[in-house]
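**Q** Please put together the full structure from these sequences, using the hints given.
Protein chains in written order, with numbering that gives the first Met the number 0: chain R, 0 to 180; chain Y, 0 to 400; chain S, 0 to 188.
What the hints contain is simulated information worked out from the structure, not anything from laboratory work.
From a predicted model like this one, the values you see are computed outputs, not experimental measurements.
Any given hint might turn out to be false.
To be verified - Here's a subset of chain S near chain R, in silico, CB distances under 7 angstroms, partners left out: (1) Q130; (2) T131; (3) C151; (4) R173.
Unchecked claim - According to the in silico footprint, chain S covers these stretches of chain Y (three or more CB under 8 angstroms from chain S): (5) 8-16; (6) 40-50; (7) 135-141; (8) 285-294; (9) 300-308.
Cβ atoms here follow ideal geometry from the backbone N, Cα and C, with glycine treated the same way.
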Amino acid sequence: MSELTLTHWQELVHNALGDTALSIECLNGAVVVMVDPEDIRHAALQLRDNPNTRLDILSHMTAVDYSPRDPRFEVVYELFSLQFKQRARVKCALPFDGGEYDKPQIDSIHDIYLTANWHERECADLFGIAFAGHPDPRRILLPDDWDGHPLRKEYPFDGKRAWKLGSSVANAGTMESDLGL
Amino acid sequence: MADFQVIERRADNTMVVNMGPQHPSTHGVLRLVLELDGERVIKCIPHIGYLHTAIEKLSEEHNYTKNITHYCRMDYLAPMNNELAYCLAVEKLIGEEVPARASYIRVVMHELTRIISHLVWMGTHVMDLGAATALVYAFTQREKILDLYEMIGGQRMMTSYIRIGGVKEDLPEGFEEAVAEWHAQFPEFLKLMDTLLTKNPILMNRTIGIAPLDRATSISYGLVGPLLRAVGVEQDVRKDEPYCRYEEFDFDVPTQPEGDVYARYLVRLEEMRQSHRLVEQGMKKIAETKPGTHMWETEHFTPPKRINIERDIENLIHHFKYWTEGIKPPAGEAYAAVESSKGELGFYVVSDGSAKPVRVKVRGPSFVNLAALPAMVEGGLIADVVAAIGSIDIVLGEVDR
Amino acid sequence: MPDPDKRMINAPSMDDYRPYIDGWRPGQQGILMGKLDQILRLAQTNSLWPMTFGLACCAIEMMSTGAARFDMARFGAEVFRATPRQADVMIVPGRLSWKMAPVIRELWEQMPHPKWCISMGACASCGGVFQTYSIVHGVDQIVPVDIYIPGCPPRPEALLDGLIKLQNKIRSGRAKNPFAEPAGRMDGR
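**A** Structural data, given as structure tokens:
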């Protein structure tokens with residue numbers, strides 16, 4: 000078990016980041032820090048190398064689509080410290096008003112945490128977020144020639160399906176056409 | 000489709016070989032493209048996504064209780080682990096405490112799940128290395144635990160037994176005796192496998208020094224779980240961030256310093272022994288709690304008891320809304336992790352106050368562990384790729400989600 | 000969208016295979032060939048060797064069925080052949096994704112005739128629990144299926160029941176023509 004209390008840990012994380020942290024709070028037992036997308040590399044290096052926080056494991060990294068809210072995307076990094084046995088969550092708000100094939104940009108941290116390589120590929124695949132400096136920006140979970148980014152809110156969960164008997168132009172690709180409604 | 004590449008022979012006599020999605024040793028639909036110089040692997044590129052089921056997208060369509068059924072099918076070798084991690088995350092969002100009896104039942108099922116997962120790992124891993132009988136032995140033992148699953152959850156694998164707020168039903172009659180019966184004969188089985196395998200010269204030759212990883216690379220790759228314990232780091236989510244009252248239990252965390260395939264084998268074997276200890280402690284603790292307290296008693300997040308539904312219109316309305324619309328946790332976000340048999344299995348749940356989650360992100364340990372495979376096998380022989388894949392213990396449902 | 004009439008240019012048509020197709024129905028052959036055919040079908044029935052093709056959770060139940068408690072070997076499925084060239088029946092256990100679909104079609108084409116297919120579980124039969132963009136809602140869109148086994152996952156006894164039904168189907172001579180096309184919609188995506 001960790002010897003540090005949550006408030007003490009929150010202080011240590013805040014001190015490690017200094018001005019880079021736009022806001023820091025405690026949500027449901029976790030320390031959550033908001034950071035500007037341009038500062039993510041600096042923040043990650045600070046948190047990893049600072050001897051008071053030592054957040055050396057990137058547990059996972061993901062994105063959330065908050066539409067219709069602006070900023071639309073939020074990239075979330077969950078960090079864990081083996082030494083202090085505490086977690087910290089770093090979030091970057093990415094504003095985005097582009098279309099289906101446009102991509103918001105953020106820096107890649109694949110050289111700071113080696114595990115970020117695959118996580119960033121997954122975000123790029125499912126959300127369409129471009130990670131600047133990533134060595135291998137191929138799709139990872141979907142076929143290479145897939146059209147679109149499924150985890151965006153406007154993508155239908157049952158897919159953009161081709162025509163089927165009894166469907167019409169109006170309800171193509173929806174569940175109603177499947178049920179014959 | 001771009002993924003179809005069979006064999007390419009180059010001018011400097013190196014080959015590119017495809018270890019395809021259908022392969023007896025890849026433990027699922029994993030595709031590896033290997034660049035070989037003779038028998039030595041120069042480069043290894045894993046291609047995943049052949050089992051991508053869009054579970055995270057589907058979670059945004061279904062309410063919180065329905066989502067539990069999706070997650071059993073993710074890491075299908077250890078179904079209750081997934082349910083547990085998800086329910087812990089949603090309970091963090093709601094902010095109420097789960098009663099003691101439910102926690103202890105969850106601990107017992109969690110440890111039994113760890114054992115069945117390790118049994119499949121042991122059977123398939125050792126079968127890949129040549130000992131085909133180990134599979135049958137492991138599966139026979141697994142059937143005994145699946146009988147317990149069937150008794151408690153009604154189904155051999157995907158039980159959806161662990162629910163938000165506790166467990167679905169109290170323990171059935173005869174469960175304590177059945178667990179005691181299993182508990183009595185399990186050490187003998189472990190001793191048998193130990194005798195057959197641990198000092199076996201063929202196993203030792205095929206696993207010692209194979210696919211090694213050092214501490215710094217393991218940490219940078221985010222490997223937590225048996226892979227990290229096999230490089231000497233004493234890390235266990237149950238000890239570092241205890242859940243389900245694990246701080247009241249007494250168990251050890253096995254570690255090995257070498258970091259090769261044999262070390263991972265020893266770590267998992269010892270983990271099975273520790274799980275066996277925990278099951279006994281769990282059953283004792285369950286016996287001390289009050290029967291019937293298997294689900295929390297909150298105002299909005301508890302399914303009403305049937306007797307109350309028949310008495311009261313409020314309970315009937317609540318019952319109707321609970322099962323059709325679903326529960327509505329307060330807006331916010333939460334991350335909860337459990338020590339699954341493969342590593343740290345975590346769920347990051349974002350809620351906006353409605354009945355369906357905004358986002359459910361699954362931190363699947365196999366996805367993270369598989370990224371380290373190229374670092375393990377490059378420079379080794381092609382036959383060691385098989386040993387390395389088995390030692391990571393991947394399950395593709397979790398990798399691809 | 001693929002046009003059903005222009006699928007393969009050099010493919011033989013159904014008329015070329017009429018003698019073989021009609022010959023499969025019992026009573027259509029003479030006494031000698033009919034008896035030989037019956038013995039052949041009996042041999043095929045009792046030694047159906049499946050291919051190791053595990054997709055998802057149902058694969059674990061398939062492994063349990065092959066293990067000691069339920070033992071598929073006593074029904075003739077003695078060994079699981081890893082290579083499709085030596086397998087008779089392809090059991091599709093688990094959810095098929097669109098990324099995997101060309102692979103399963105290629106494996107089916109690599110299996111030599113006579114061959115059969117069992118679709119095990121709800122996901123393989125119709126998409127199951129996962130009605131999403133990346134899952135094929137029923138493998139019969141990709142390969143012709145002889146037996147569908149419901150369940151999520153089906154118990155090992157259910158898989159054995161499906162296997163026995165396939166055996167009955169083969170023995171009686173009613174098994175689907177091996178040159179048949181997939182039963183489901185060919186709408187792709």
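**Q** Any of the earlier hints contradicted here, and which numbers?
**A** Going through the list in order, the structure violates hints 3, 4, 5, 8 and 9 and respects the others.
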